[in-house]
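Chemist: These are the residues of each chain, in order.
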Amino acid sequence: MSDHVLEIKNISKHFAGVKALDDVSFDIVRGSCHCLIGENGAGKSTLIKILTGAHPKTSGTVLYNGKDFNPASTKDAMKAGIGCLFQELNVVEKLRVEENICLGLEETRFGIIKKSSNQKVFDVLRRIDSSIEPKQYIEELSVAKRQVVEMAKALAMDSDVIIMDEPTASLTEEEVKRLFEIIHDLKSQGITIIYISHRLEEIMELADYVTVLRDGRHIATKPRAEISGRQELIQMMIGKVIVEDYVPNKIDENIKLIELKGVSNKKLHNISFDLHKGEILGFYGLIGAGKTEIARAIFGADKYAGTILVEGRDVKAVSPEKAITNGIVLVPEERRTQGICTSLSIAVNTPMMNYRTVSHKGILNKKQQGRLAREYIEKIGTACRDENQSVAFLSGGNQQKVVLSKCLNVSPKVLLLDEPTRGVDVGAKQEIYQIIRQMVKDGCSAIVFSSELPEILGLCDRIGLLYDGEIKMFLKNDEHVETRHIMSVVTGGVENE
Amino acid sequence: MRNNKLSRSTQKNLVLFVILLVLCAFFYSQNNRFITVYNLTNMVRQSLPNFILGCGMTFVIASGAIDLSVGGTMALSAMLYGYLCIWGINPWLAVVIVAGFGVVVGIFNTVIMEKLQIPAIMATLATWIITAGMAMSVCKAIPITGPELKPITVLNSIKFGKIPLALPICIVVIAVFLFLEKKTILGKYAIAIGGNDAAAHFSGINVTKMRACFFVLTGVLAGLSGVWQVARLGSADPTIGTGMEFKVVAACILGGVNIKGGEGTVSGVMIGTAILIVLTNGMQMMDIGSFYQDIATGLVLLASVLINSDSVGELMGKKAAA
Amino acid sequence: GNGGQTNQPSQSGSGSPGTSATSSDPGQTEKGAYIGKVPITLKHDVHGNDAKWAEIYAKEQYGATYEVIDPDNDLAAEIAAVETFIGKGVDGIILHPVDENGVNGIIQEARDAGVNIMTYNVKASDCKVPFLGIDEAEVAAQMGADMAKQWIELYPDKEVKVGLISWTNIAFCFDNRTGPFLKGVKTVVDYLPTDSWGFKNSAGEDLTGATYWVHAGGDLELAQTVTADSITKYPDVNIVYGDNVSNGLGALSAYEAAGRGKAVDGVPVTEIIASTDASDGELNKLADPTSSLKYCLGMQPQTFAYAQVDMMMEIINGQLDNDTYVERTTPDVYFNYYKDSLQDLQDWYNTQYLPSSPLDLVGTYGA
Amino acid sequence: MSNQASALNRGIKFTADGVQNLTIFCIFLMACVVGFILEPKLFFSPSNVTSILVSASSVIIVASAVTLVLISGNLNLSVGGTGAMGAVLFGLMTRAGVPIVLAALLAVVLGLLAGMLCGFIIAQFKLPSFIVSLAFRYITRGIALVGAGGAVIFGLPAGISKIGMTIGSIPLPAVYAIAVVLVFVWIQNKTVFASTAYAVGANEPAAHLSGISNRKVVMSVFAMSGMLAAFVGVVITSRFTAADSGILSTLDNDCIIAAVLGGTDINGGRGTVFGMLMGALFIVVLTNIMNMLGMTTYTQDMVKGVVLIGAILLNNIIRKHVRI
Ligand SMILES: Nc1ncnc2c1ncn2[C@@H]1O[C@H](COP(=O)(O)OP(=O)(O)OP(=O)(O)O)[C@@H](O)[C@H]1O
Ligand SMILES: Nc1ncnc2c1ncn2[C@@H]1O[C@H](COP(=O)(O)OP(=O)(O)OP(=O)(O)O)[C@@H](O)[C@H]1O
Ligand SMILES: [Mg+2]
Ligand SMILES: [Mg+2]
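Protein chains in written order, with our numbering: chain A, 27 to 523; chain Z, 126 to 447; chain F, 47 to 413; chain L, 4 to 327.
Keep in mind the hints are simulated off the structure, nothing from the lab. There is no bait here: all hints are sound.
Here are a few chain A residues that face chain L, going by a calculated C-beta distance under 10 Å: (1) Arg322; (2) Ser345; (3) Glu347; (4) Arg362; (5) Cys367; (6) Leu370; (7) Asn375; (8) Met378; (9) Met379; (10) Tyr381; (11) Ser385; (12) Lys432.
Take a look, some chain Z residues computed to stay more than 12 Å from chain L by CB distance: (13) Leu146; (14) Trp212; (15) Ile214; (16) Lys284; (17) Lys307.
All residues carry an ideal CB built from backbone N, CA and C; glycine is no exception.
Between the sequences and the hints, there should be enough to build the whole structure, so can you do that?
Modeler: Here you go:
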């Protein structure tokens with residue numbers, strides 16, 4: 027047997043009008059951790075879906091253990107030994123943990139489930155996270171623990187190859203560490219890992235080999251040893267190097283746009299802070315620290331106890347509608363489910379937060395609507411066919427730009443940005459940062475909620491550190507900021523180390 | 126916490142069961158003939174189709190679909206059965222053939238849903254229009270009858286002491302479906318598909334095939350319900366099953382099945398069915414006109430979704446806390 | 047039977063029920079009898095009034111308790127209703143079968159349970175219990191003949207063509223209404239078409255003669271739409287019959303919507319329309335000299351209700367054997383714009399229908 | 004990556020909505036041609052055209068609003084019951100001597116309130132519209148039955164027939180239908196309200212975070228459909244000079260079918276009133292043709308079922324291939 031567990035030869039995949047993969051070839055070494063990187067829409071997930079039988083390929087061949095491999099379904103691929111953790115969460119809330127892990131793998135006779143030994147389930151679970159009980163219902167678990175269950179499922183399948191598509195997107199530091207240990211463990215057992223992530227630090231730490239895709243094409247496959255660092259990876263991914271640097275904004279300390287006084291709810295404890303005019307305030311914390319909750323409370327999307335003053339007035343925030351009239355807008359963290367209406371066109375999405383710019387007394391001016399959309403498309407450089415294109419057919423970064431257009435159209439005083447670049451590729455990220463900086467220059471203030479420290483450090487004037495629903499401290503952003511210190515605070519360490 | 130987690134659906138069922146008992150007690154206090162062996166077994170005999178279709182519909186709705194075609198399938202099955210008997214086919218063999226026809230309808234539903242990508246509600250609505258129309262047009266809407274139908278009508282009059290055959294049939298069907306729900310992949314997969322069909326798909330479950338199973342279940346049960354109605358009525362009437370789809374769906378919702386899928390138990394649906402039936406019968410026992418029964422059904426349905434809804438639950442939880 | 051009264055409304059319109067006087071001993075049981083009634087539906091005025099008259103009469107005449115369960119034209123619901131009454135422990139059940147073949151089993155079950163039961167209007171196919179009918183078929187035939195004669199008299203050179211808006215799926219309607227109606231027309235004209243519609247009466251005879259024959263199922267809207275399309279296709283049909291109130295008035299409204307359905311001083315312009323039931327809606331049109339609805343068959347809800355209760359009480363009191371088929375008949379009537387005076391119509395209505403409707407024919411159309 | 008947009012040419016391009024509308028329009032025309040070939044003398048005769056328009060009017064009027072209900076991602080199974088309730092209330096009031104216009108107004112307001120309450124419960128408690136409107140279907144129909152005592156209410160003043168009569172050869176119900184459709188085409192195309200309905204139907208959480216009030220939208224579309232349903236009940240009552248508690252028994256399905264034939268997505272976010280109009284007219288023309296062919300109502304139902312599947316299939320194909 028060759029030492030290549032998978033050989034990918036000249037794979038192409040065409041969707042209606044889109045070449046998602048174009049003549050991709052590379053090999054994967056048995057027992058290695060093979061990382062796959064590329065910008066959004068580069069074709070990573072598509073490749074995975076072909077390997078796991080979720081999509082048929084248009085042309086090309088895959089050799090698995092030297093033999094032609096053409097799985098008709100994910101079940102086929104699983105049986106052959108290719109297990110997968112897909113990008114979206116794939117657990118069933120109303121079933122128990124053990125039922126989820128066994129789902130699709132039950133030993134049955136005539137459809138009747140045999141009382142199988144769930145020993146393996148116990149073992150696998152205990153190895154990853156012993157705090158999860160097999161009898162618990164998924165709906166009682168946190169998002170992160172649900173992910174762990176999913177991972178356990180892939181492990182329980184005795185796979186030869188395990189594919190992980192952005193598994194760490196919503197894991198805590200601790201959990202990521204444990205995941206990496208597991209990956210090392212698996213490798214030592216001869217299991218091959220295919221690992222996809224946008225977090226290049228993880229790639230640098232984990233990879234044995236790295237394959238870079240760009241626009242559906244194969245750019246390079248290199249052993250880890252031959253890669254000099256992150257910059258090289260980024261260069262391969264986008265073709266040019268981007269420098270992130272922080273420029274302080276002009277802040278008027280006398281004007282407080284927003285004041286929070288002792289805001290609390292289910293997840294928040296006594297949150298108090300001010301936002302000054304012209305300032306970009308950042309909130310950093312790990313997943314579950316309560317960033318989204320603060321954003322939603324200010325935006326009036328969730329209930330809270332305590333006071334929020336907007337320009338000195340108590341808003342008794344009741345609804346996003348009111349918040350928008352007060353000049354506050356939110357870029358929500360889940361773009362597809364909260365930010366845009368995918369089935370509608372860019373032109374229809376753009377005025378959604380403020381119809382007054384395209385209507386008079388409730389009557390819509392379609393021409394004005396088109397003009398407005400085109401104006402923003404040009405102003406912030408959204409790549410699209412024209413303003414009548416459905417947002418569904420845009421890439422992630424461009425969808426995010428549509429969300430920003432919506433917010434810009436309000437001429438907001440305060441911009442709330444929750445994970446503004448989540449799932450957005452490196453190139454589009456820079457463009458989005460540029461838009462945010464420009465908006466602040468033009469007179470609005472912003473609060474950025476992010477779990478990516480570089481983003482916070484590159485944008486914000488002041489940084490609030492969150493841990494478990496509480497603000498632990500505020501820092502001024504300058505060259506003295508120490509990342510080690512920040513990390514220790516947000517992971518629950520002592521405040522004044 | 127610990128007891129809580131075991132029993133969210135069991136708790137709901139208990140509450141429903143208590144409501145059922147309270148209703149029964151109330152109607153008994155109004156007319157003590159409400160609780161007699163005759164009246165209680167009668168309710169089962171009259172509503173056998175509601176009970177057994179409820180069993181199948183639980184799986185369909187829990188899996189995130191809906192089957193609005195059951196009424197039409199019942200009618201067409203009844204007509205098919207009538208003609209088979211008149212053509213001289215053995216009445217028991219005819220039952221099997223009708224069950225087979227139910228399988229065909231189930232597969233037809235699945236094909237238009239899954240292959241043609243038509244939402245369940247529209248697909249099964251179309252099937253309902255077609256089957257109900259076909260049932261009416263084959264006989265020009267005139268019920269068919271004849272001595273050939275005699276053997277099946279025996280089913281309606283068989284009694285063990287005071288217990289009519291319908292009761293054991295009902296119990297057996299419910300037992301079978303409880304078994305299917307708890308002990309076979311059908312129950313788990315229905316919840317899995319309804320709760321998260323992508324997860325089910327990526328777990329290697331053939332979603333289309335499972336959906337076909339669920340629709341075949343309701344198809345077969347609708348076919349058999351059609352035969353049962355022929356046995357009850359002594360004639361194959363093409364209006365059999367009119368409005369059945371909404372009655373069954375209403376019972377499912379009342380029984381705690383989530384219309385969006387991912388949640389629901391056969392036992393809950395059986396209690397829900399029983400509540401609706403007790404309500405109708407009890408109101409008749411009190412000599413309340415049938416027009417008021419529609420209103421009562423609507424109000425009960427509304428109350429049950431309100432009680433099951435999260436936002437109302439939150440509201441009440443908050444009040445309890447305050 | 048004891049039905050053979052003449053069909054002139056002025057005579058049959060007397061409110062006193064023929065046989066009620068025979069109930070010699072009203073309060074025979076101390077507590078009073080307990081009667082359950084299962085009509086075909088309560089959604090038609092005739093049946094609703096029938097049920098209400100029966101309740102009043104049962105209470106006043108016999109001190110009986112009387113309850114109704116409405117199956118609304120659904121056989122399964124009808125059987126369930128009878129079962130419910132058995133469960134409630136009634137002394138007797140008065141049943142209007144939805145389907146003549148569908149009720150044999152449940153009648154037997156009631157008898158087995160020791161509950162008295164009789165049918166009315168529709169006879170169960172396997173009938174072994176007393177039955178109260180109406181001499182509707184004879185009257186319908188007379189009305190058909192009369193209408194055809196009237197039309198020929200008005201328009202001697204316009205060929206008679208018949209359109210029927212009916213319940214094509216109920217054999218009872220063929221037997222007692224549309225079938226006899228066609229036969230009546232045929233006694234006057236001999237050239238009606240002979241194409242088969244595939245509708246047979248319960249004797250298995252093919253019913254022919256209509257130029258169009260559509261199903262409207264006693265539903266106003268459906269009657270209106272199917273008639274509208276028939277008007278387009280067969281504009282020269284001139285004798286139109288709807289076999290119940292909704293079928294008749296639905297048909298009329300379709301003709302009206304097509305700009306027809308009119309009369310001048312009681313002389314129909316394009317067609318002559320007949321309905322069935324003689325409820326206030328129909329009588330209003332019939333009396334109106336500008337409407338072409340000029341004939342109406344009329345069930346007599348009060349007479350009929352009284353006769354039912356009397357018959358049931360005889361059964362309960364042992365004067366009639368419940369396990370023997372006995373047929374009684376009550377008289378039916380038909381009305382005609384040309385012969386019946388407004389006062390007669392109003393009097394008949396006031397007797398037969400409960401005084402809930404503000405019908406005032408004399409005031410509206412008189413003088 | 005950035006300024007491609009301005010470089011792209013802008014010729015005339017059909018959106019999926021446009022293609023769908025064109026398709027259903029062509030299908031409707033084809034049905035008309037078939038009708039004309041089968042019955043050359045009768046099909047385009049004034050009486051037949053009138054009859055088609057009158058038959059379609061109830062569905063067109065109510066489905067105009069139901070299309071918006073579907074666009075907002077909801078179903079309304081209670082329009083038939085609401086219509087019957089409006090009819091009975093109108094009948095009872097006019098019989099009791101309430102002035103006709105006032106009675107009609109009150110009936111329509113009752114329909115509006117019933118719809119609004121239904122929409123309120125759906126939006127406020129975040130309940131599936133299928134179930135809530137099903138409950139309302141039972142309740143409204145029950146109220147209609149109780150109000151009418153089950154029977155048809157006759158003895159209404161002759162004056163009410165003015166509301167639904169035919170003036171010359173122009174039937175008023177058809178005039179109402181045309182007026183309502185025009186208003187709703189305008190609403191759908193020109194108002195912010197309709198835009199918010201599309202947004203709510205396409206993605207409710209996103210619309211919420213854009214400051215669009217789901218409750219306002221849902222209450223409005225349900226109120227509109229309830230109002231128009233009651234209005235249709237009034238018109239029918241005046242046409243029959245009788246208030247029937249059993250009317251409009253198939254209206255719920257018919258409205259959904261007309262809208263879906265016209266390209267409305269049952270899952271929300273897509274659809275046009277014009278498409279619904281074509282869908283409704285197509286169904287009525289089809290029925291008309293089948294009636295003229297002498298098909299029984301039952302056989303017609305079968306054909307309609309098959310047509311429904313075909314139409315949805317066609318719409319899906321268009322959606323798949325017109326990727327704009
Ligand atoms: N089902 C589909 N139909 C049409 N186009 C698709 C489909 N799935 C993916 N694409 C397109 O194929 C391209 C590759 O997408 P893919 O999901 O593989 O990217 P990715 O590298 O996984 O991106 P991300 O980092 O955002 O997950 C994109 O342009 C995408 O729009
Ligand atoms: N849908 C959900 N179901 C259950 N728990 C949830 C859900 N969403 C969030 N949580 C949990 O609620 C807590 C707070 O979540 P929140 O979204 O406010 O955090 P965050 O700091 O914004 O993190 P994120 O980086 O995910 O946005 C976390 O423990 C998280 O796991
Ligand atoms: Mg991906
Ligand atoms: Mg968050």
